[in-house]
Amino acid sequence: MKIEERLRSRLSRRNFLACLGVTAGTAAVATMAAGCGSTPVTTTTPSTPPSGSSDEDILNFALNLEYLEAEFYLRAVTGSGLSSSNIGTNPGAVTGGSQVTFTNPAVQAYALEIANDELLHVEFLRSTLGSAAVDRPAIDLTNSFNAAAMAAGIGPAFNPFADENSFIVGAFVFEDVGVTAYHGAASLILNKTYLGAAAGIMATEAYHAGEIRTLLNGLGAPYVTYANQISMLRAMLGGGNETPVTTESCVAEDNNCASFSRTTSEVLHIVYAAGAGVVSKGGFFPNGMNGTITSTVS
Amino acid sequence: METKNTEIADLIMNGSRQITSSRRAALALGGAALAGLALARPRRAFAQTTIGDPDILNFALNLEYLEAQYYTLATQGVTIDTLGIGITGGNGAPGGTVTVKPGPIVPFVTPLLQDFAVELAAEERIHVTFLRSALGTAAVAMPNIDLLNSFNALASAAGLGSTFDPFASELNFLLGAFIFEDVGVTAYHGAAGLISNPAYLTAATGIMGTEAYHSGSVRTRIYAAGTAAQQAATAIANTRSKLDGTGNDDIGVGTLSTGAATIVDADSNAIAFSRTTTQVLSIVYGGGSGGGAFYPNGLNGTIK
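The listed protein sequences derive, respectively, from chains A and B.
Going by my numbering, the first residue of the first sequence is number 9, and it counts up by one from there.
Going by my numbering, the first residue of the second sequence is number 311, and it counts up by one from there.
Treat each hint with caution, since some may be false.
Okay, the calculated bits of chain B under chain A, using three or more residues with CB under 8 Å as the criterion [as the list claims (entries may be wrong)]:
#, region
1, 426-433
2, 512-518
3, 531-537
4, 582-588
Just so you know, these hints were derived from the structure itself, not from any lab.
Backbone N, C-alpha and C define an ideal beta-carbon position, used for all residues, glycine too.
When you get a sec, could you build the whole thing from the sequences and use the hints?
Next up, the structure:
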């Protein structure tokens, strides 16, 4: 088969796999039926700004996501999360998360780097926002993963801290989403300096995502299967924009080979684990995010 | 609000220049072989009033031609025009030539890596097609590209020997990919601040994301390949940093004293680096002016 045909085959397979998401939950059927028409669902479109959102609102939206990632990775590599100096004066509680027992030194080195990167992102955004920075919201790293595993068809429970391979799957839950969130934010931000910073953080998240997808391909089944079940769930919740992990797709991207973008509402649907309607909390953020961008549009 | 924004802008600018933090300093400054070299290279800022979006996209197109040819030759042994990808200008200008060794197909032994190479080739070709389509008649032709002498010169500059054949083995292929991918990220990152059209901005940012996925995967594979591969990549990163005139905006692949890997090529705020078009040109020209290394006769378009 010619290379271009192989690629087209791969792209078609993306859409096919995305459509398989109907098996993962009845609530999602209607969503996916709408998304699985005759045309591919993999075209990236610019975000529409929530009305009245300022650059600070958007950076605070990003800060909520960085709190989540930092708590996940820091707890995985050290057993404890962000220090009191990085979470604001009235922070929400964090549920779950424990130190992973790494057996492969390379995976531990990767995890340490990502944890430090996400910590630096929290510190950078808090410093940039100054007194406008929102506090850490309540974060759930236990029930959230269990519910996601159930909705994705993986099983009734999933503990990403159980071992290093589970940790890699847990990381996969976040990284592609981070890329799409910053990509969407980049098109909303007015200040060119903020834009440069947001684009640079987005690239860092994409380095992480490419790394995690590469590690998943190295692990093979069942971890790639779990990851792709997660990917399908994200597609159902967050408006498509997913590429399954295969040995020929280390990138999550559209048909122009540009990495995907999501609106803030689409990102909220994923992290709140809620596929339809106006929702303002759930999933990883049991009390919702802090700031002004906290509810899905519909 | 204006004052606040200015303060924040200052903070971001100052923060992003603090490269020599404890986190990244070890590797950034670790290239002892390069330490004695003069780093000063005059840098010019392009006047934004004379550079439009098509100029920026054409600059990117030149880089995508290079990447697409490299990966396609490595995986299929042919140039992209033989696969139906246009290399002529949108105005009919003829495309350039590619200088490469005979039989460049890489002898892959690892199926996972071969699949990845096929992916890279296909995606960079699509970037070429996408940019040519977006530019229409304004698209520049492919410039002359050198994939033979360029690598030799860069290897020599990096202290990796007098010759380097990126097609000789799959590890060499990875190091060749390493040369391009991080630079692609920094080029699109820099371009994002110059593009006016929101649709182009979204597209360019998305392509940057794809290049960063590529880089993350390439660097992870180099890390896994062991110390010698990591050291070669780090020597290349240090050379890029030297060529672009800063000396401190590129991180190799390795392990810090904290135990953390350095898969991400980012500054002390964990923000991926950015380069001006002039800095990118200095790297792909191998330090030359108006052309050299990968582009012996320079890029096509207004930014060259």
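Hints versus structure:
1. 426-433: holds (count 6)
2. 512-518: holds (count 6)
3. 531-537: Check passed, 3 qualifying residues.
4. 582-588: holds (count 3)
Every hint from the earlier list agrees with this structure, and none is contradicted.
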